[in-house]
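Protein chains in written order, with my numbering: chain A, 1 to 566; chain B, 1 to 145; chain C, 1 to 347; chain D, 1 to 321.
Take these hints with a grain of salt, some might be off.
As the list claims (entries may be wrong) - Beta-carbon label-pair distances, calculated as ranges:
(1) C:G257 / D:L294: 50 to 58 Å
(2) A:E133 / C:S233: 42 to 50 Å
(3) A:E481 / C:N287: 35 to 43 Å
(4) C:S233 / D:P178: 32 to 40 Å
(5) A:K59 / B:P138: 18 to 26 Å
(6) D:E319 / A:E175: 42 to 50 Å
(7) C:G257 / D:S210: 16 to 24 Å
(8) C:E43 / B:F11: 27 to 35 Å
(9) C:K35 / D:L138: 26 to 34 Å
(10) A:F138 / C:K35: 52 to 60 Å
(11) C:E43 / D:R238: 32 to 40 Å
(12) C:K35 / A:M108: 50 to 58 Å
Claimed, not checked - In the DSSO-like style, the derived pairs of lysine-lysine whose C-alpha atoms are separated by at most 30 Å in a straight line are:
(13) A:K204 / A:K281
(14) A:K284 / A:K374
(15) A:K520 / C:K237
(16) D:K42 / C:K237
(17) A:K221 / D:K311
(18) B:K127 / D:K201
(19) A:K565 / B:K132
(20) D:K234 / A:K510
(21) A:K490 / D:K242
(22) B:K12 / A:K32
(23) D:K13 / A:K490
(24) D:K42 / A:K520
(25) A:K211 / A:K184
(26) D:K6 / A:K520
(27) A:K565 / D:K201
(28) D:K242 / C:K128
(29) A:K32 / D:K145
(30) D:K234 / C:K237
(31) D:K201 / C:K237
(32) C:K204 / D:K115
(33) D:K115 / C:K35
(34) C:K343 / D:K42
(35) D:K201 / C:K293
(36) C:K35 / D:K289
(37) D:K69 / C:K293
(38) D:K69 / C:K343
(39) A:K323 / A:K284
(40) A:K565 / B:K12
Derived from the structure by calculation, the hints contain no laboratory data. Ideal placement from N, C-alpha and C gives every residue a C-beta, glycine not left out.
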Amino acid sequence: MAAPRIGVFICHCGTNIGGIVDVPEVVDYAKKLPYVVHAEANLYTCSEEGISAIKEAIKEYDLNRVVVASCTPRTHQPLFRNACADAGLNPYLFEFVNIREHCSWIHMHDRREATEKAKELVKMGVAKARWLEAQEEFESGVYPAAMVIGGGVAGMSAALNLANQGFEVHLVEKEPELGGRLLKLNRIFTINKAPDELVDSMVKAVQGHSKIKLHMPAVVKAASGYIGNFDVSIDEDGQETSVKVGVIIVATGAQVLEPELYSYGKLDNVLTQLGLEQRLKDGKLGEFQNVVMINCVGARIPERPYCSRLCCMTAIKNAALMKEINPKAQVYVLHRDLMTYGVEFEEYYRKAREAGVRFIRYTLSNPPQVMGAKRVEAVKVYDELMDMEVELSCNLLVLATPLIPNADNEELSKMLKVPIGDGGFFLEAHVKLRPVEFAMDGIYVAGSCRWPADIKESIAQGYAAASEAAIPLRQGAVRVEAITATVDPKTCKGCGTCVLVCPFDAIELKESKIKGLEGKIVSEVNAALCKGCGLCAAACPNRAIQQRGFTDMQLLSMVNALSGKR
Amino acid sequence: MPDIKEVQTEFKPKILAFCCNWCAYAGADLAGVSRFQMPTNVRVIRVMCSGRVPPELVIRALANGLDGVMILGCHPGDCHYSEGNYLTRRRAHVLKRLLSYIGIEPERFQLRWVSAAEGAKFSAVVKEATDKITALGPNRWVDKK
Amino acid sequence: MVNQKKSKVIEKGRLTELLDKLTQGYHLIAPVQAKDVSFRRVESGSEVTLDYINSVLSPKNAFFSQTETLFRFFRDDNRGFQIEPCVEADREQVIFGIRPCDARSLRLMDMVFNGQYRDSYYLDKREKTTLIGLACFEPDETCFCPTFGIDPASGEDVDILFSDIGDRYLVEASTEKGAALLDKFAGFFVEPRGDEEQLRKARKAGLARMKKLDVSAIADKMAPLYGGDYWDSIGLKCLGCGICTYLCPTCHCFDIGDVNLDEGGGRFRCWDSCMFPEFTLMASGENPRPNRKTRIQQRFFHKLKYFYDRNGELACVGCGRCIRYCPVNIDISQIIEEVASGKAGND
Amino acid sequence: MKTSSKEVQDSVKKLFEDGRISHFIGYEAGSDSLRVTPCFLKSGQTVSRLVWNPLCANNLAKYLLDLRKVEGKVGILVKGCDSRSVVELLKENQIERDRVFIVGVPCSGIVDGEKLLAVLGISPGDVVAVEDGGDAFLVTTREGKRRVRKEQVLRGECLVCRYPTPVIYDVLLGEAIPSLPWVRDDYSLVRELEELSAEEKARYWNRELSQCIRCYACRNVCPVCNCPECIFDKKAPRWLSKANDISENLVYHLIRAFHVAGKCVDCGECERACPMGIPLRRLNKKVEKDLLELFGYTAGIDVEQQPPLTKYQVGDLDEFL
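The task is simple: from the sequences and hints, build the whole structure.
See below:
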């Protein structure tokens, strides 16, 4: 390796830096730092002029490391890396020092100290730069096909979206028909239509699409690989087939809780809302007079603290329908809070009230009581508003229960190496910023398997996931910033600590194939899976695994430089 | 009249902060963009995740004579790598106790959560650390040299 | 040999006072009781203990310290350096209480540091030191200094020998340096009463039981064992730590390193150990002694053959420290016995 | 220590005869009567060398690492603490379970030679043999037999041992010992120090660690210090200066304490090996205590248990805000 020849470029940033920090003094200081062969000030290093100054200096001084002290790498790093690359220097031989956000802008009243700090930050950057190494980015092709797991509305929307963009889609549904949970419903809230009207066209479109290969009934048995290159094995009618895809969308939905409360399952006039819809759909409900519905059954309790979001609307929908079927019926909805957000839902609720549905608020500490030995005869409830207990005659009790995660989520999560959150639903990469991606590249999530979602939301999420998934498919290749981990197989002892801490399952213990180490069990990093967090590098007891761009040598050199050690 | 000879040079602690790229470093950037003024004592080293900072590096920094070391990462649950900061948190609990056990004041090593939106918190953390460590005086480790 | 004319006596009650006096004109290094007894610089006589067989660390530290700065340097503005040599020992020093085995080890160290290359750092301290030995009448089980021709009750390698003979010490100077020191502090010493030699003889009675091994042709007997499987099980058992080499009064290997700071720095040397893998690690990555077997073999070959071939002496004084402190009980006296008796043959 | 040397010898002999092992790691008499030394056998012919007595302090698990590549299975004699080191080696994939044959011996305490000599007021040469006598050690001296209450002369780690019976073995020689009667507060040593002021703590450790000569015996004797190239030996980056001063000594011992965190089983070998008598267990015990209190973790009891610093719980203590 050639001796380091470091060039340092200090940006005035107009007066942003230069108005506070004594830039010429920092330049003079930088010139005396070890391995620095050139240092200069620029009015704006990021300007065309600044960029060409870097390129020229690389040639003139035969620089093999470049340090720019200016603003934040979070915005400007790509620009300077490209400048280096244009001048024939590997872009990873560039180091950024932030003397604006982290110095001049926050120490405007102490020019002396700000200058001293800028000098020290430059010293640290130079110390790191001395140990930078040229890196190659990992690039791998993306197999132009997608898999969508789950044939509900979310999954079908995603599949259709991708297929219409021209990508081959494998849609895997475990039931013998498409449509998911929607098929079990009687009506859909706010539009009050039968679900068939919605689903049928979608199902037909899916079934008739030349780009969609339907696997049904089928389940995913195993999966391996990484973005662009997944191998998924599916069990289709007892036959195992292997499918190669570049991206995967998880849209497996959720299920309705069957409660062990309010004599459900013991007395035959107690139903869940879904059970009620099933009977309505099948025309088997029969006569009824007084209907009581209880909301939040098994939800928003310590063992299941979340709100399932859909059950209030479902209860309102069915309460109104009961009133419609039998206007003489007394229909009560006992609720804790009503989640009828937005104009559309609020209006739906108002209409139900107008139709004569009565709403009574109960509290968790004082839940309704069911009366009756063989059948429910009445429900006693403490009405908070009236501050008294009322007894409601009842010959049909309907319980609104929350959506709960599918039992096989955990299995699927292990297979795909995507996380499950606290409640058992799948966990997206970021709650706000990355709502339909998993932290694992190339795998996306949509619909109620992530969190209870209504039809509109499920479809929107299906489209969103498809659009995210289309990016790598369209690009045809993925590049990974060269900050991924590397293993020194000579010193690796195969203890597996890195394997345990890696959040992306990017590291595996394998027999080494390197000459002289054949058969030794060592860690191996899959660069396509590695996201460059460096957890492994911090956990490895003898530092056999390192994160490129953030090696021990580089970080320790910065610490030493800051402490006045060379 | 105070004896002028007794007046010593003011102690200006030198504090190192490892900031994760996604939250704390961005928070520090935001503090800059917002022009929140703060003490000049803290120097930032950018890492991709707070979980990249091994205890060895903290120990080495303190042994080198730095007066304080901070690791600033995403709030629990917000880690860009989903769980890096949880591992950092476990290690930090153990390290903090170990350092305190050998007589290094706990204030000299801190783990704090700073999100990308918390420019004000970043500046508060810097100020607080500077004040506390100034009050403690120079790192005891230096006396050992 | 002891010059009878120089023989003196000091009453035990006056020893502390003498040591106090010594601290005024000299750096006094003497055995101090901590967890174990070790030689340290003391400020007063009362810190000194005489209740010990021998110290954990040998007194070699006083001449060849574990870490020693050789010179300092300062950077000037033009990227040059100014070098400042380290100050020489600023005062004469006295080591009080050194055992005859350790005193002999200094003779062996002299062969290294005062041979072809004269090591001024070592020699400066050596020249400025007066050794006051303490005769050893109750050696440890692990002691075997007679093997190397050392009389644990003799003053052969010290400047002055103190022998504890009950209520007083018999004090004999064996060098001019020693005699001069006695003269300087003549007020503490009185003429012998006459029974001293007899008392000393009685105390020496127990020494006859000491282990004395046959090392007459040991270097020759070592030669055929090189690379042999005799060292396999020893190497397997050995942990590769530095206890034996660091506690050994004759081991003298060192490494050199720099402290490099912004404003300057220094060069230091520090003890090193042939038991450590990186001792022979080359910049290329090649290591000629790649495992514990080859390293421990080196240690015994150095002690029992190479040093002898070069200097005509074996590099062991039988102090027994390595035997006492080895966590896995590797025992150099056993190895000498096995080599000498031919039991250490290769299978 | 009901198990006798004879039982160990017979059992090992049988293992060799039945072809179940090709090597055995045990103890044999040392160069004096207060010492034993590790013993490596390759056949049943020499089993009479093997001993088992209250002097068998060495944690032999370390040697399994050296015999990873031999033909056949390696047999090893383990006490409770040693067996926990074996668990840690298995966890770290450093040995394969089906390549070792573990002969467990329940252990009711190992004698601390120095304490014994001090209590009896004798010198090492006076001791002829030490045997287990239930709640006391039976010491044969040149002057006759003496009985010493165990609590007076046990090694420090044995005074707080909660696993006298091996936690993993293929065969157990003798009856399991559920607990030791003298074991009470495991962490009194740590608590004493925790209660000191920062200044007092610093002074304490300065005093202790300034004695360190960096011979690395504590590291080299430790079964869980098994990295092929220790970070302290690395030249680049250099984590530790070779110059010996208290500051660097502190760096060494702190980092080492961290590296064995969650793996240290308090076998006490580091402290036993230290020629300078540095109370190293006090450092490792602190980490052990914190891991227990913070994460409910105890090392070396279950091969399936994941090391505490490689995992987390969302609800872990958060004192950082």
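Hint check results:
1. C:G257 / D:L294: 50 to 58 Å: This hint is violated: roughly 38 Å between Cβ atoms.
2. A:E133 / C:S233: 42 to 50 Å: Check passed, 44 Å falls within 42 to 50 Å.
3. A:E481 / C:N287: 35 to 43 Å: Given a distance of about 37 Å, which is inside 35 to 43 Å, the answer is holds.
4. C:S233 / D:P178: 32 to 40 Å: holds, 37 Å
5. A:K59 / B:P138: 18 to 26 Å: This hint is violated: roughly 47 Å between Cβ atoms.
6. D:E319 / A:E175: 42 to 50 Å: The hinted range 42 to 50 Å holds for E319 of chain D and E175 of chain A, with Cβ atoms some 49 Å apart.
7. C:G257 / D:S210: 16 to 24 Å: holds, 20 Å
8. C:E43 / B:F11: 27 to 35 Å: holds, 32 Å
9. C:K35 / D:L138: 26 to 34 Å: The hint (26 to 34 Å, Cβ to Cβ) holds, given that K35 of chain C and L138 of chain D are roughly 29 Å apart.
10. A:F138 / C:K35: 52 to 60 Å: Given range 52 to 60 Å: holds, Cβ gap about 56 Å.
11. C:E43 / D:R238: 32 to 40 Å: holds, 36 Å
12. C:K35 / A:M108: 50 to 58 Å: holds, 57 Å
13. A:K204 / A:K281: Holds. K204 of chain A to K281 of chain A sits at ~22 Å (cutoff 30 Å).
14. A:K284 / A:K374: holds, 20 Å
15. A:K520 / C:K237: holds, 24 Å
16. D:K42 / C:K237: holds, 14 Å
17. A:K221 / D:K311: holds, 27 Å
18. B:K127 / D:K201: holds, 28 Å
19. A:K565 / B:K132: holds, 25 Å
20. D:K234 / A:K510: holds, 25 Å
21. A:K490 / D:K242: The given pair, whose Cα atoms are some 24 Å apart, holds under the 30 Å limit.
22. B:K12 / A:K32: Answer holds: K12 of chain B to K32 of chain A is near 25 Å, not above 30 Å.
23. D:K13 / A:K490: violated, 38 Å
24. D:K42 / A:K520: holds, 25 Å
25. A:K211 / A:K184: holds, 28 Å
26. D:K6 / A:K520: violated, 39 Å
27. A:K565 / D:K201: holds, 28 Å
28. D:K242 / C:K128: holds, 28 Å
29. A:K32 / D:K145: Distance ~76 Å between K32 of chain A and K145 of chain D Cα, so the pair is violated.
30. D:K234 / C:K237: Cα-Cα ~24 Å, so holds.
31. D:K201 / C:K237: Measuring from Cα to Cα gives roughly 37 Å; hence the hint is violated.
32. C:K204 / D:K115: holds, 29 Å
33. D:K115 / C:K35: Roughly 13 Å between the alpha carbons, so the hint for K115 of chain D and K35 of chain C holds.
34. C:K343 / D:K42: Given pair K343 of chain C, K42 of chain D holds - Cα atoms ~19 Å apart, limit 30 Å.
35. D:K201 / C:K293: Between K201 of chain D and K293 of chain C the Cα gap is close to 41 Å, so the pair fails against 30 Å, i.e. violated.
36. C:K35 / D:K289: holds, 26 Å
37. D:K69 / C:K293: holds, 16 Å
38. D:K69 / C:K343: holds, 28 Å
39. A:K323 / A:K284: holds, 17 Å
40. A:K565 / B:K12: With a Cα-Cα distance of about 19 Å, the restraint between K565 of chain A and K12 of chain B holds, given a limit of 30 Å.
Hint check: violations occur at hints 1, 5, 23, 26, 29, 31 and 35; the rest are consistent with the structure.
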